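Visitor: Read off the chains here:
2 protein chains.
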Amino acid sequence: MRKVGKQEIEDIAVGAALLGTGGGGDPHIGKLMALQAIEEFGPVTVLDTDEVPDDALVVPSSMMGAPTVMLEKIPSGEEAILAFNQLEKYLGEKVYATFPIEAGGVNSMLPFALAARLGMPVIDVDGMGRAFPELQMVTFYLDGISATPAVIADEKGNTSLLSTIDNVWTERIARAATIQMGGSVMNAMYSMRGKNLKESGITNILQLEEQIGKTIREAKENNVNAIEKVLETVGGFELFQGKVTDIDRKTESGFARGIATFEGTNDYKDETLELRFQNEHLLAQTKNKLLCVTPDLIAVLDAETGLPITTEGIRYGSRCVVIGIPCHPKWRTEKGIATVGPAYFGYDVDYTPVEELVNEGGRK
Amino acid sequence: MRKVGKQEIEDIAVGAALLGTGGGGDPHIGKLMALQAIEEFGPVTVLDTDEVPDDALVVPSSMMGAPTVMLEKIPSGEEAILAFNQLEKYLGEKVYATFPIEAGGVNSMLPFALAARLGMPVIDVDGMGRAFPELQMVTFYLDGISATPAVIADEKGNTSLLSTIDNVWTERIARAATIQMGGSVMNAMYSMRGKNLKESGITNILQLEEQIGKTIREAKENNVNAIEKVLETVGGFELFQGKVTDIDRKTESGFARGIATFEGTNDYKDETLELRFQNEHLLAQTKNKLLCVTPDLIAVLDAETGLPITTEGIRYGSRCVVIGIPCHPKWRTEKGIATVGPAYFGYDVDYTPVEELVNEGGRK
Chain U
23 MRKVGKQEIE DIAVGAALLG TGGGGDPHIG KLMALQAIEE FGPVTVLDTD EVPDDALVVP
83 SSMMGAPTVM LEKIPSGEEA ILAFNQLEKY LGEKVYATFP IEAGGVNSML PFALAARLGM
143 PVIDVDGMGR AFPELQMVTF YLDGISATPA VIADEKGNTS LLSTIDNVWT ERIARAATIQ
203 MGGSVMNAMY SMRGKNLKES GITNILQLEE QIGKTIREAK ENNVNAIEKV LETVGGFELF
263 QGKVTDIDRK TESGFARGIA TFEGTNDYKD ETLELRFQNE HLLAQTKNKL LCVTPDLIAV
323 LDAETGLPIT TEGIRYGSRC VVIGIPCHPK WRTEKGIATV GPAYFGYDVD YTPVEELVNE
383 GGRK
Chain F
23 MRKVGKQEIE DIAVGAALLG TGGGGDPHIG KLMALQAIEE FGPVTVLDTD EVPDDALVVP
83 SSMMGAPTVM LEKIPSGEEA ILAFNQLEKY LGEKVYATFP IEAGGVNSML PFALAARLGM
143 PVIDVDGMGR AFPELQMVTF YLDGISATPA VIADEKGNTS LLSTIDNVWT ERIARAATIQ
203 MGGSVMNAMY SMRGKNLKES GITNILQLEE QIGKTIREAK ENNVNAIEKV LETVGGFELF
263 QGKVTDIDRK TESGFARGIA TFEGTNDYKD ETLELRFQNE HLLAQTKNKL LCVTPDLIAV
323 LDAETGLPIT TEGIRYGSRC VVIGIPCHPK WRTEKGIATV GPAYFGYDVD YTPVEELVNE
383 GGRK
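If you read the protein sequences in the order shown, they are chains U and F. Residues 23 to 386, numbered by the numbering used here, are exactly what the first sequence covers, in order. Residues 23 to 386, numbered by the numbering used here, are exactly what the second sequence covers, in order.
Chain U extracted, bound-state conformation (with noise of 0.2 Å):
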């Protein structure tokens, strides 16, 4: 049990926005919501999974929506309240602890903000340990843990609770709610039992991000390259160096989908690198060369201070560094690359693990 302040959230929110591969929300904006949250209340506790009770009901927090639309709507913390009242009035039962469903810029901060406001605690654990755009693509469902009872909020005070005959059902329903409600909303689903989670769960995922957050943040005060010192933390792979010329990006059935294209700089000059997303970055490669694909992750950092750079923040010109690293190993199982390998996103290649990939020099 530990207690996390302001400066532990201005970590784990740089390093949940790395952790997030371009996706899970502007970590500007999160960070806001939790440190004001954090401000009004006072600090949030952070349990270990094994410090919390097996049948404790735990249900992790989080946004669903383009994130292109989450920048122009701010949550004011209403809606996540209203979304964890109507799923306790549904079981008939209080929520015993709260817990980020993936890393990212916002989805890993809303649990902050909300289990301020509750005075409950958040657990060190994810269902992820990176960002994925789809609500099934949790370990959770690798493990037949059901998405439902599942609520959607709005900031209209709207509301939606399905039960559905699995957990991508609730995702196709629950997207198009979403988009009439508003392209952005707050759930609370995935609600399951202490034990559940510290067997699905991948641990220790908050502890992680601080140190991405805080290595990022003592190499600029050390005037050393943050990169570096990142790759070492995560065990990741620098894959390119380059700047942006050209990205297409639209929001589109709920997504933000699209293609970045860098420009090779320094050991790079003459290479060009195509990375595809759909809220978060899925697939790298160069002209003849497969660099990185889901579900490992891919992560855009700015060549300069090696602050992660979300899909919506890629810009024209932008000078970055883009890193691969191995993703958990739940996620390389059969079920794990049949839920969101390459051939799920329409992707025409075989996984093959980031390591290999760069050890191997690829495939021709």
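Just so you know, these hints were derived from the structure itself, not from any lab. The model shown is predicted, which means the values in this text are computed figures rather than measured ones.
Which copy is meant is left open, because identical chains are indistinguishable; a pair holds if it fits in one copy or across any two.
In the DMTMM-like style, the derived pairs of lysine to aspartate or glutamate whose C-alpha atoms are separated by at most 25 Å in a straight line are:
1) Lys-178 with Asp-165
2) Lys-111 with Asp-188
3) Lys-265 with Asp-292
4) Lys-111 with Asp-77
5) Lys-251 with Glu-377
6) Lys-236 with Glu-326
7) Lys-178 with Asp-188
8) Lys-220 with Glu-110
9) Lys-251 with Glu-378
10) Lys-251 with Glu-240
11) Lys-352 with Glu-377
12) Lys-311 with Asp-370
13) Lys-236 with Asp-324
14) Lys-25 with Glu-62
15) Lys-352 with Glu-382
16) Lys-309 with Glu-378
With the hints as your guide, set chain F onto chain U.
Guide: Coordinates of chain F only, in the frame set by chain U:
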């Protein structure tokens, strides 16, 4: 209190389809569903509204979606029970009786199918006295009764329980979910107390529907003109006689929308009628004359049998008589016209009661 068996169901189905003004579903399917349930579980008790206790919880049973979809996806009856069960669980109270939300071949029959299965009475009342395409288009909305908590359920077993800030939001969110859930769903919404129903509903609608159906049936048996008799029964007007020469129909945004064109026959030779619909027939006009417009009722009848034809049943070459019927006075109020008048559907005409259009020869 009276019992409704097979003959009454046959007559009500026909009368309801006529008042359904082309929408409310295919009377053949609705009838089969009700007859099958009555066959299996016995006749259904029908109550007049004044037989319902003021504090009884009453909930209409209905379907939403495009009638064109309903043709291919006949409900088993389990969807309606699932929707009611979810609503009862949420409210923590048993439903006392059900009733139709609108007149229509399917939507007037569904309450009988459900009531037979659940051993529950049906109340002789609905919320329109006709059919309309959207959820907020009920007299209950005019009287400030909330559509939510509202449950929609599909045949796969998915449900969504909505709580919205107003009934227009219920419509928006439920419609989007309906499209994802296969294009049609069963509803349990507009739960209310007996007292509210007595004040806000259109009473004795089932009796009127049964009378219409009986009139058409007996006209056939006695070999007399059914349409004249129907016009007497409903207090309506003949608008046009003609033959379908064009039908432009598409399913979009979850509705069956389109325009049917009729070439005049008999007294209407050399005239052309244009009939616009969105699930229901909403506007009838010749080249220079408005004949009838929503919320007044427009029904298309088979010229020979007098049987009503739904929007999806209109076929090239069919000989029809188009009739107009004054709507219930609740729809002619300011809020009524704002909710279901021509402007709401995008027609650039003022509402004029059908009896004025007929008596004054319409607007040139």
